[in-house]
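Residue numbers for the sequence shown follow my numbering, beginning at 42 and rising by one.
Simulated from the structure, these hints should not be mistaken for laboratory data. Among these hints, one or two may not hold up.
Unchecked claim - Cut-off 27 angstroms, straight-line C-alpha distance, at most; resulting in silico cross-link-like pairs (DSS-like, lysine-lysine): (1) K47 x K100; (2) K46 x K100; (3) K47 x K80; (4) K99 x K46.
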Amino acid sequence: MGRGKKVKELRDMMGMNRREFSDYFGIPYRTVQDWETEKRELPDYVLRLMWYRAAIEKKISIIDKQ
Numbered sequence: 042m043g044r045g046k047k048v049k050e051l052r053d054m055m056g057m058n059r060r061e062f063s064d065y066f067g068i069p070y071r072t073v074q075d076w077e078t079e080k081r082e083l084p085d086y087v088l089r090l091m092w093y094r095a096a097i098e099k100k101i102s103i104i105d106k107q
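Construct the entire structure; sequences and hints are all you get.
The following block contains the structure:
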């Protein structure tokens, strides 16, 4: 699974639309959109930090899905 699909999976697990997700992480909406459609590649460490923050703040119940 590509990183873009993992971003969408995380967003879906958090129950957020793209706007809510981008606001939550402080990332421009267009950047999130480009990541999900794999027009831009996000760094692996950013993806891991997003999963970590979501798990710590109890937005998702598992962290091992990445």
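Hint numbers not upheld by this structure, sorted from lowest to highest: Every hint satisfied by this model.
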